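Spelled out, the chains give:
Number of protein chains: 2
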Amino acid sequence: MELKVRRIDIEAGGFEIILNEDDAKELGVYPQDRVKVGRRGTVVTSLVNLSQTVIRKGEVGMFIEISEKLGAKNGDRVKVVPTSRPMSVDFIKKKINGEKLSKDEIYEIIKDIVEDNLSTIELASYVTAIQIRGMDMDETEWTTRAMVDTGETIDFEYTTFDVHSIGGVPGNKYAPVAVPIAASAGLKIPKTSSRAISSAAGTADLMEVLTNVSLSIEDIRRIVDEVGATLAWGGAVNLAPADDKIVRIEYPLGIDPHSQVLASVMAKKKAVGTDFMVLDIPMGPETKVPNEKVARKYAMDFINLGERLGIVVEAAVTYGGQPIGRAIGPALEAREALMCLEGKPVSNSLIEKSTDIAGMLLELGNIADRGNGKDMAKDILRSGRAREKFLEIITAQGSKGIESSEDVPVGKYTQDLLSPEEGYISVVSNRALVKIARAAGAPKDKGAGILLYKKKGEKIEKGEPLYTIYADSKAKLEEAVKLAKMLKPLKIEGMLLERIPSYKK
Amino acid sequence: MELKVRRIDIEAGGFEIILNEDDAKELGVYPQDRVKVGRRGTVVTSLVNLSQTVIRKGEVGMFIEISEKLGAKNGDRVKVVPTSRPMSVDFIKKKINGEKLSKDEIYEIIKDIVEDNLSTIELASYVTAIQIRGMDMDETEWTTRAMVDTGETIDFEYTTFDVHSIGGVPGNKYAPVAVPIAASAGLKIPKTSSRAISSAAGTADLMEVLTNVSLSIEDIRRIVDEVGATLAWGGAVNLAPADDKIVRIEYPLGIDPHSQVLASVMAKKKAVGTDFMVLDIPMGPETKVPNEKVARKYAMDFINLGERLGIVVEAAVTYGGQPIGRAIGPALEAREALMCLEGKPVSNSLIEKSTDIAGMLLELGNIADRGNGKDMAKDILRSGRAREKFLEIITAQGSKGIESSEDVPVGKYTQDLLSPEEGYISVVSNRALVKIARAAGAPKDKGAGILLYKKKGEKIEKGEPLYTIYADSKAKLEEAVKLAKMLKPLKIEGMLLERIPSYKK
Numbered sequence: 001m002e003l004k005v006r007r008i009d010i011e012a013g014g015f016e017i018i019l020n021e022d023d024a025k026e027l028g029v030y031p032q033d034r035v036k037v038g039r040r041g042t043v044v045t046s047l048v049n050l051s052q053t054v055i056r057k058g059e060v061g062m063f064i065e066i067s068e069k070l071g072a073k074n075g076d077r078v079k080v081v082p083t084s085r086p087m088s089v090d091f092i093k094k095k096i097n098g099e100k101l102s103k104d105e106i107y108e109i110i111k112d113i114v115e116d117n118l119s120t121i122e123l124a125s126y127v128t129a130i131q132i133r134g135m136d137m138d139e140t141e142w143t144t145r146a147m148v149d150t151g152e153t154i155d156f157e158y159t160t161f162d163v164h165s166i167g168g169v170p171g172n173k174y175a176p177v178a179v180p181i182a183a184s185a186g187l188k189i190p191k192t193s194s195r196a197i198s199s200a201a202g203t204a205d206l207m208e209v210l211t212n213v214s215l216s217i218e219d220i221r222r223i224v225d226e227v228g229a230t231l232a233w234g235g236a237v238n239l240a241p242a243d244d245k246i247v248r249i250e251y252p253l254g255i256d257p258h259s260q261v262l263a264s265v266m267a268k269k270k271a272v273g274t275d276f277m278v279l280d281i282p283m284g285p286e287t288k289v290p291n292e293k294v295a296r297k298y299a300m301d302f303i304n305l306g307e308r309l310g311i312v313v314e315a316a317v318t319y320g321g322q323p324i325g326r327a328i329g330p331a332l333e334a335r336e337a338l339m340c341l342e343g344k345p346v347s348n349s350l351i352e353k354s355t356d357i358a359g360m361l362l363e364l365g366n367i368a369d370r371g372n373g374k375d376m377a378k379d380i381l382r383s384g385r386a387r388e389k390f391l392e393i394i395t396a397q398g399s400k401g402i403e404s405s406e407d408v409p410v411g412k413y414t415q416d417l418l419s420p421e422e423g424y425i426s427v428v429s430n431r432a433l434v435k436i437a438r439a440a441g442a443p444k445d446k447g448a449g450i451l452l453y454k455k456k457g458e459k460i461e462k463g464e465p466l467y468t469i470y471a472d473s474k475a476k477l478e479e480a481v482k483l484a485k486m487l488k489p490l491k492i493e494g495m496l497l498e499r500i501p502s503y504k505k
Numbered sequence: 001m002e003l004k005v006r007r008i009d010i011e012a013g014g015f016e017i018i019l020n021e022d023d024a025k026e027l028g029v030y031p032q033d034r035v036k037v038g039r040r041g042t043v044v045t046s047l048v049n050l051s052q053t054v055i056r057k058g059e060v061g062m063f064i065e066i067s068e069k070l071g072a073k074n075g076d077r078v079k080v081v082p083t084s085r086p087m088s089v090d091f092i093k094k095k096i097n098g099e100k101l102s103k104d105e106i107y108e109i110i111k112d113i114v115e116d117n118l119s120t121i122e123l124a125s126y127v128t129a130i131q132i133r134g135m136d137m138d139e140t141e142w143t144t145r146a147m148v149d150t151g152e153t154i155d156f157e158y159t160t161f162d163v164h165s166i167g168g169v170p171g172n173k174y175a176p177v178a179v180p181i182a183a184s185a186g187l188k189i190p191k192t193s194s195r196a197i198s199s200a201a202g203t204a205d206l207m208e209v210l211t212n213v214s215l216s217i218e219d220i221r222r223i224v225d226e227v228g229a230t231l232a233w234g235g236a237v238n239l240a241p242a243d244d245k246i247v248r249i250e251y252p253l254g255i256d257p258h259s260q261v262l263a264s265v266m267a268k269k270k271a272v273g274t275d276f277m278v279l280d281i282p283m284g285p286e287t288k289v290p291n292e293k294v295a296r297k298y299a300m301d302f303i304n305l306g307e308r309l310g311i312v313v314e315a316a317v318t319y320g321g322q323p324i325g326r327a328i329g330p331a332l333e334a335r336e337a338l339m340c341l342e343g344k345p346v347s348n349s350l351i352e353k354s355t356d357i358a359g360m361l362l363e364l365g366n367i368a369d370r371g372n373g374k375d376m377a378k379d380i381l382r383s384g385r386a387r388e389k390f391l392e393i394i395t396a397q398g399s400k401g402i403e404s405s406e407d408v409p410v411g412k413y414t415q416d417l418l419s420p421e422e423g424y425i426s427v428v429s430n431r432a433l434v435k436i437a438r439a440a441g442a443p444k445d446k447g448a449g450i451l452l453y454k455k456k457g458e459k460i461e462k463g464e465p466l467y468t469i470y471a472d473s474k475a476k477l478e479e480a481v482k483l484a485k486m487l488k489p490l491k492i493e494g495m496l497l498e499r500i501p502s503y504k505k
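As you go down the protein sequences, you meet chains A and B in turn.
When the letters of the first sequence are read in order and numbered with the numbering used here, they come out as residues 1 to 505.
When the letters of the second sequence are read in order and numbered with the numbering used here, they come out as residues 1 to 505.
If you're looking for bench data, these hints aren't it; they were derived computationally from the structure.
The reader is advised that the hints may include incorrect statements.
Because identical chains cannot be distinguished in the list, a pair is counted as satisfied if it fits within a single copy or across any two copies.
Only pairs whose alpha carbons sit at most 16 Å apart, straight line, appear in this in silico EDC-like list of lysine to aspartate or glutamate [said to hold, decoys possible]: (1) 103 x 138; (2) 474 x 26; (3) 245 x 115; (4) 444 x 22; (5) 4 x 76; (6) 245 x 472; (7) 25 x 493; (8) 444 x 21; (9) 25 x 472; (10) 344 x 379; (11) 69 x 11; (12) 444 x 26.
Because the structure is a prediction, the values reported are computed rather than measured.
Here chain A stands alone, though its shape is the one from the complex (with noise of 0.2 Å):
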């Protein structure tokens, strides 16, 4: 069938274009059936929509991806045919039937997944299906071998080294300590991070703070020949680019398959050629891991897929139940960083966590021996290498002329949360911290974000601060204040927990 263009200048998120009812019926496709599409010996598969009264019989509605594609203008004439649906299809109601995929069945998946041949609602049906079907090991390691092999890798011509947090714990900023102690020892650790999706702050939200994290792969490899290591935003490069598109169902949804989850972060550490790392599991009631037993599955999975990948995975189980550190929010966060590596007087659990995990990376690269990874990472933290290592990469990076702790810009506008009485913290809720620093403007206001005075176990006073909110704008500062009033993310217990009176009432 001709059509005439008619071109509708918003995306899709995809090659889609509209027809006219009538139009449709002719060609006998529904909603969601795919068509091709040509113009001058260029053909695009799309997905058909309907329209009843904005596209015209003979008008064929063609968003931007598509009209690019084809290079075609209002009134062009266009060639449109059914054609069938990818074969991935098939493949995404096998897993829906609870069969195990193949290899060539898991490439094709994820192919069309990178090259946008699966509409929304195939792509959701997938996720949901290996959410509730799962993967065994051979088709998780397919899927990260094959989210590899669709996107940009690099290749050091040294062995290198990686952290990384699978994450549900606020104010989890040791990778800026712990990656410049590794690389002060002589590592080589090209390390990328994410942005917060649900919480307030990710690893490249509190670094772009300092300095530049967009880093293109020619970038992140010099950058690590020169200064050993680089604290990087994983977004700016094409690593493992399916991965993206399956968050953006996984999000809206609420839902991370486990084999997912095993994929995406490994995808990303093979892409950069990763032959060490370590693997951050914070446990506790309001992270992603709530016990021992499911840290345990955690650590072994990674662990294993590793070992079929060619990356020598070792676990760290650290403590969640409480924030890292006392900050919480960008700017915040990357000061008590700076704080730590200045040697300044910071949160134990920031030092702790931050040697322990510097510590075995050391012991990985050989570079400590087996139980002595630790002390050699406190010495180097204490001695200043660390603090000058992690100024070299955020200058190699491309500064932003913050070298100290009090150069950090905080958000001007402030409250103190004070306690309503005496007694002892019984409970910080992470959760609760994590809204109040976003409704304060966190991870897109920088300055956005939560200093906690005291934590779990410590004594306050009555009229004490708990607290400081800060914002970068006085509105979202009052809403952050009436949210934190509501949710009350500490709770302060007497000692005397409970009083038994000695008569029945």
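Place chain B on chain A using the hints.
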């Protein structure tokens, strides 16, 4: 956040807006998050899409549905604030996790489906989850009732009857024969049918050759009062409107959750107040029901669900190994049904199936004694009373002036397909015949289809016609003939099936 409206005059299929990426960051929302959009006291919850280029900072792109709801014109200012996901999304996750849903949870989901509160991603995830996890009979009943309660209903003061086929066999035009048989004996049958989705003709498509099928609820009530039955298109009335929205997801995935098949059929019956119904379950290798076990499962589940809803269901497992009658395609089937009513020679399979089902209705309605329904149905058919009743029905619905099988206009382009050899028909492929009929233009081109001369077990001579393909256009006829030569829907074998030579090669 206040934003300036920029209208995007295409349908989004729900309330959807497009934000500039910077504004979205500022609001802290991601694609597929919800926002409330307000203007002059009207507030609409809408899904967020992002644009880097098309929608500028400070603007909000508004698709037709929401701009009409808000009465917003280009340049109008609206207020946009983030809001949370509907609770239904949590219930969908519950089903993903394999938990049973409560009545309230199912009602909430169905309400949100009908009101377009769920995104495509959420709906696709729901359909996939119920396909994999299934629903028990409680959940299926609640789904059915929720589907009824969210649509229109008809209340008859008298007992009504219905027939329904779960489909899967081509040429299944039993209803236009069975319904007038039963109605002429005094039963009240407000029958609604669907159009073809993946078949060559739905009952509504073939009835449309002869009469108007788009009836309102008032039309249906009046016509059933006056002549005893309708043969209308279900899509014209707003019965169980959730069904259409669910089918829009099932169709592109090619999945059909068992519980949803049950709910979808029974909701439409419950909505028109059916008291007794006969369910046709065609069984055969290329139908939805491959064997007796599956047939029994369908039958028992429909009967059980019927009991819960106060509908007496009797199931008929029928032979679906090849087409019913000899005609496939709207006009050819309408003609064959008329021929059957007129007492002209037609395939036994059509007479037997129609009178079997009509007989069951007559027995359910206590008009015939148990065991005598079929004989009574045959008598009524032979007497010409069923033909009279059929003409009354199509006249009441709005006749197109066709009163005899000879007047039915069929495709004017035809080609006979000849047998390449002498032998017996050993295989008749339902699927291949449907594909060929659709290639010829069915169901959209009413005259298109196939007329079979030979069915299973019949003898054919070399060069004798196997079937004729009909089409309304020459191009489609050629397309269908090409496909027919490739698919070979009928297989011919000599009585000698294999000859084993007496010597070894």
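Evaluated hints:
no.: 1; hint: 103 x 138; result: within (8 Å within a copy, 40 Å between copies)
no.: 2; hint: 474 x 26; result: between (59 Å within a copy, 14 Å between copies)
no.: 3; hint: 245 x 115; result: within (10 Å within a copy, 28 Å between copies)
no.: 4; hint: 444 x 22; result: between (47 Å within a copy, 9 Å between copies)
no.: 5; hint: 4 x 76; result: within (6 Å within a copy, 32 Å between copies)
no.: 6; hint: 245 x 472; result: neither (32 Å within a copy, 44 Å between copies)
no.: 7; hint: 25 x 493; result: neither (69 Å within a copy, 38 Å between copies)
no.: 8; hint: 444 x 21; result: between (43 Å within a copy, 12 Å between copies)
no.: 9; hint: 25 x 472; result: between (55 Å within a copy, 14 Å between copies)
no.: 10; hint: 344 x 379; result: within (15 Å within a copy, 101 Å between copies)
no.: 11; hint: 69 x 11; result: within (13 Å within a copy, 23 Å between copies)
no.: 12; hint: 444 x 26; result: between (49 Å within a copy, 7 Å between copies)
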